[in-house]
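The listed protein sequences correspond, in order, to chains A and B. Taking the working numbering, the leading residue of the first sequence gets 1, the next gets one more, and so forth. Taking the working numbering, the leading residue of the second sequence gets 1001, the next gets one more, and so forth.
Hints may be right or wrong, so weigh each one.
Quick partial rundown of chain A residues pointing at chain B, CB under 10 angstroms, derived from the structure [claimed, not checked]:
1) T133
2) V167
3) Y261
Facing chain B, a subset of chain A residues (Cβ under 7 angstroms, in silico) [said to hold, decoys possible]:
4) T29
5) V30
6) T41
7) I44
8) I93
9) V120
10) L147
11) V165
12) W183
13) M214
14) Q232
15) S253
16) Q265
17) M273
18) G275
Listed next, with one range per pair, are the computed distances between beta-carbon atoms [said to hold, decoys possible]:
19) A:D178 x B:S1274: 42 to 48 angstroms
20) A:A102 x B:L1050: 40 to 46 angstroms
21) A:I255 x B:S1146: 26 to 32 angstroms
22) A:Y27 x B:T1177: 31 to 37 angstroms
The set of hints was computed from the structure by calculation and includes no laboratory data. Beta carbons: idealized from backbone N, C-alpha and C, even for Gly.
Next come the chains, spelled out residue by residue.
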Amino acid sequence: MKARQKYNTGALILLILGLSTIIFPLYMTVVIAFKQPSEMTNSISGILSLPQHWSLDNFREAMRVTDFWRSLANSAVITVLTVVLSNVIHSLIAYVLVSSNAHSRFYSFVYLFIVSGMFVPFAILMMPLAKQTAEMHLANWAGVILLYVVFYMPMNVLLYSGYLVNVPMALEEAARVDGATTWRTYWRIIFPVMKPMHATVAIITALAVWNDVMTPLVIMAGSGQNTLPLAQLNFQTQFGTNYNLAFASYLLSLIPILIFYLVCQRQILSGVMNGAVK
Amino acid sequence: MKDEKKRTYLLITIPILALFICFNTIPLLRGVYYSFTNFRGFGSYDWVGLRNYIDLFTDARVGKSYWFTFKLAVVTTVVVNVISMLMALALNSRIPAKSFFRGAYFLPNILGSLVVGYIFNYFFTYILPAFAQMVGIDALKSSLLSNPSAAWIGVMIVCAWQAIAMTTIIYISGLQTIPADVYEAGDIDGATGWKKFRYLTFPLIVPFFSINMVLSIKNFLMVFDQIVALTKGGPAQSTESISYLIYNNGMSGGQFGFQSANAVIFFIVIVAISAAQMKLSSRKEEQL
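Extracted from the complex, chain B is given alone in its bound form:
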């Protein structure tokens, strides 16, 4: 009997594990291997040791893409979490047509980000300048996306527009875990408005706050679709995200080896951030 169970388990585990190794572990190891070569994606190649890694740290374009990606991720995370928290509080308060509002607010999340990007591309290129013309705002009369110092704001708005839906839903499920008597006790103590939020609501939804921070930062660091649809990395490479750069120069730009090294560094960054955030959030939760 015991043997039968053991055998069945192994027969299930081995093929699934093999599949996972074949399409996750092996490509990961191959990526690490290529990062030590000058492979262009085709033809022969040589082992170059740490050359790619040394070049990475002096490459202005790579540096620029890290700066853009982190700026975008941090700013979008803050914007998304502030707005989502407000929306979640509003959606959780006494309002008519609650389920309609909740349904409508989640809508942006189910739409494909590429097509959403194309729609906003038109909005930034034609509608917003026409509107600026009409009301006379000089700064916005030309397309936001063609301005190298402002194009990232366009990307940020589109990322936020979609991400707020998901973040809000997570905050709502957090707010629903708060028992009503906590507020009743707060009312007796005379807590209102900001104080009520700061000392009652927020401490009780900290776990949801950490989930949202982790999800947001990680998602925005990997931004790709929005870049393809909005700017293709331009103008003047000002909105080239790390993923976009790896895709663009690695797949078709002849930098297979070099961009593999970039991807390895990116992988380490993602792991480090996830680990740090997990440690941080587990410590916060303990305090409660």
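Chain A with its partners taken away, still in its complex shape:
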């Protein structure tokens, strides 16, 4: 029975069907983004046929209307800084909490306190935060980064501490015998050991931050600045009924993350799996 080793055709058919539902909306986006409004008739074939000629005019116009490069730069700065700060701050606090919560009531309380922040929905924080960030002059991208560092702290502390409990303490004791301070021991021994978890945290945090709409919408609304998703929302009215322009803009906003996914697909998949199972 085993010798045949045939492919599972039923599964394959199911997967191809499923795949078509994933590809169709993306195909639609590309086709409409390249067309001119005059090519869009009301029939299905008019909308979904390939464009007569592939022109980049819609993209040029969309970049101008939505101030694409500025929004892209804002999104990139916010995402990169959030990821770096998360890797540094969340791993550091997780290390302190894990290595002392067994014999200190204070630290085990802090651990529970931070991790239980996971249950707080943004909906209850958003109105007070909008007020508070305005009062603190943080109603801008810097405030958004600070908020992300706080929001993702519960999840990331949980991830890091799940990893840290399996790191042998002998490593650290050896360094300590050599007379290194706690601070130095951490950066030279512990921080590098957590490398796989740094990657997982970076990927999960980056995907969440890059695509987030609600936080910048609530916090940066008055700053005149946009992130990439926020620009799609704010310029929605300017697209009017020119769907070709709108779709060119949508496609532009998806391209950076698509490229990122194509390049680091394996790392993203394993990072996400790693994080979800913990």
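Position chain B relative to chain A; hints supplied.
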């Protein structure tokens, strides 16, 4: 030596804890405080005691948003988990180009849900009616999203389209934990198809099933982006999710205090569901 360690730990913990309290605990407490006032978001306000909470339970719009949000969350969770389980089984079976399929199936998850919502908005408004016209399905000739009794299905489809990616990946990692000899033993006993799944596969991936239930329910209860992109709560407020209502009426509708009370109730609901699910899933895992 010991003191040095203690001091370093405190010096690390205090600023980070202060940051967390400043942007998580304090706004949470402020939200609770505002829920007892008639604050409109600006100007002066008075303490109104439990008035907002009493009003909440009689407010038809709030009731409607809870009904919509829970209906959406429960139905989408079931749909997503059934499809994801099937897809995970298929992706884990003997198929060609396995890594290509896995990569492609995860794609919807990395795309921003707002833009995905806009793309589907066009699909529901123009493509689907044109298609219905062509093949002659009367029910779908007008936009799904403009029908008050069916618009939630549109929201459900978009939520599911994106969420299936993540749920499937979690099921796949569950299936990979099952040792091959379990199936070999099953083959000897003559287990096939549904029976094999029901008595062999499923019991072994129950922990992953519980993770997916918790993640799905919680995510869909907090739905926001898809609503903004697809319906803006309409038609006739039939797709107003709790988060959307709090944002819309609290931030710009002058109901800061009232919607704070709504948010407090929502917070309690989320905590209760998470606690219940954790208890339930830990009990199931013990049985194994």
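Each hint, compared with the structure:
1. Checking T133 of chain A against chain B by beta carbon gives a least distance of about 9 angstroms; that is within 10 angstroms, so the hint holds.
2. The beta carbon of V167 of chain A is not positioned within 10 angstroms of any beta carbon in chain B (closest approach about 17 angstroms), and the interface hint is therefore violated.
3. A distance limit of 10 angstroms between C-beta atoms decides the matter here; for Y261 of chain A the minimum to chain B is near 5 angstroms, and the interface restraint holds.
4. Checking T29 of chain A against chain B: minimum C-beta separation of about 5 angstroms stays under 7 angstroms; hint holds.
5. Interface hint at V30 of chain A: violated, since its Cβ lies 11 angstroms from the closest Cβ of chain B, which is beyond the 7 angstroms cut-off.
6. Proximity of T41 of chain A to chain B is violated relative to the hint, the smallest CB-CB distance being about 10 angstroms (cut-off 7 angstroms).
7. For I44 of chain A, the suggested interface contact is upheld, since its CB lies about 5 angstroms from the closest CB of chain B, less than 7 angstroms.
8. At a threshold of 7 angstroms, the smallest CB-CB gap from I93 of chain A to chain B is about 5 angstroms, leaving the interface hint in force.
9. With 7 angstroms as the threshold, the beta carbon of V120 of chain A comes within range of chain B, its nearest partner Cβ sitting at about 6 angstroms, so the hint holds.
10. The beta carbon of L147 of chain A is positioned within 7 angstroms of a beta carbon in chain B (closest approach about 6 angstroms), and the interface hint is therefore held.
11. At a threshold of 7 angstroms, the smallest CB-CB gap from V165 of chain A to chain B is about 17 angstroms, leaving the interface hint violated.
12. Interface restraint check for W183 of chain A: the shortest CB-CB distance to chain B comes to about 5 angstroms, inside 7 angstroms, so the restraint holds.
13. For M214 of chain A, the shortest C-beta to C-beta distance to chain B is roughly 6 angstroms, which falls under 7 angstroms, so the interface hint holds.
14. Evaluation of the Q232 of chain A hint against chain B yields a held restraint, the C-beta minimum of about 6 angstroms falling below 7 angstroms.
15. Evaluation of the S253 of chain A hint against chain B yields a held restraint, the C-beta minimum of about 6 angstroms falling below 7 angstroms.
16. Annotation: interface hint on Q265 of chain A holds; nearest CB of chain B at approximately 5 angstroms, less than 7 angstroms.
17. At a threshold of 7 angstroms, the smallest CB-CB gap from M273 of chain A to chain B is about 5 angstroms, leaving the interface hint in force.
18. With a least beta-carbon distance of about 10 angstroms to chain B, the hint placing G275 of chain A at the interface is violated under the 7 angstroms criterion.
19. Taking 42 to 48 angstroms as the suggested C-beta distance range, the pair D178 of chain A and S1274 of chain B conforms, at roughly 45 angstroms.
20. About 43 angstroms separates the C-beta atoms of A102 of chain A and L1050 of chain B, a value consistent with the hinted range of 40 to 46 angstroms.
21. Between I255 of chain A and S1146 of chain B the Cβ separation comes to about 31 angstroms, which falls inside the hinted range of 26 to 32 angstroms.
22. Our hint of 31 to 37 angstroms for Y27 of chain A and T1177 of chain B holds, since their Cβ atoms are close to 36 angstroms apart.
Hints 2, 5, 6, 11, 18, counting from the list given before, are not met by this structure.
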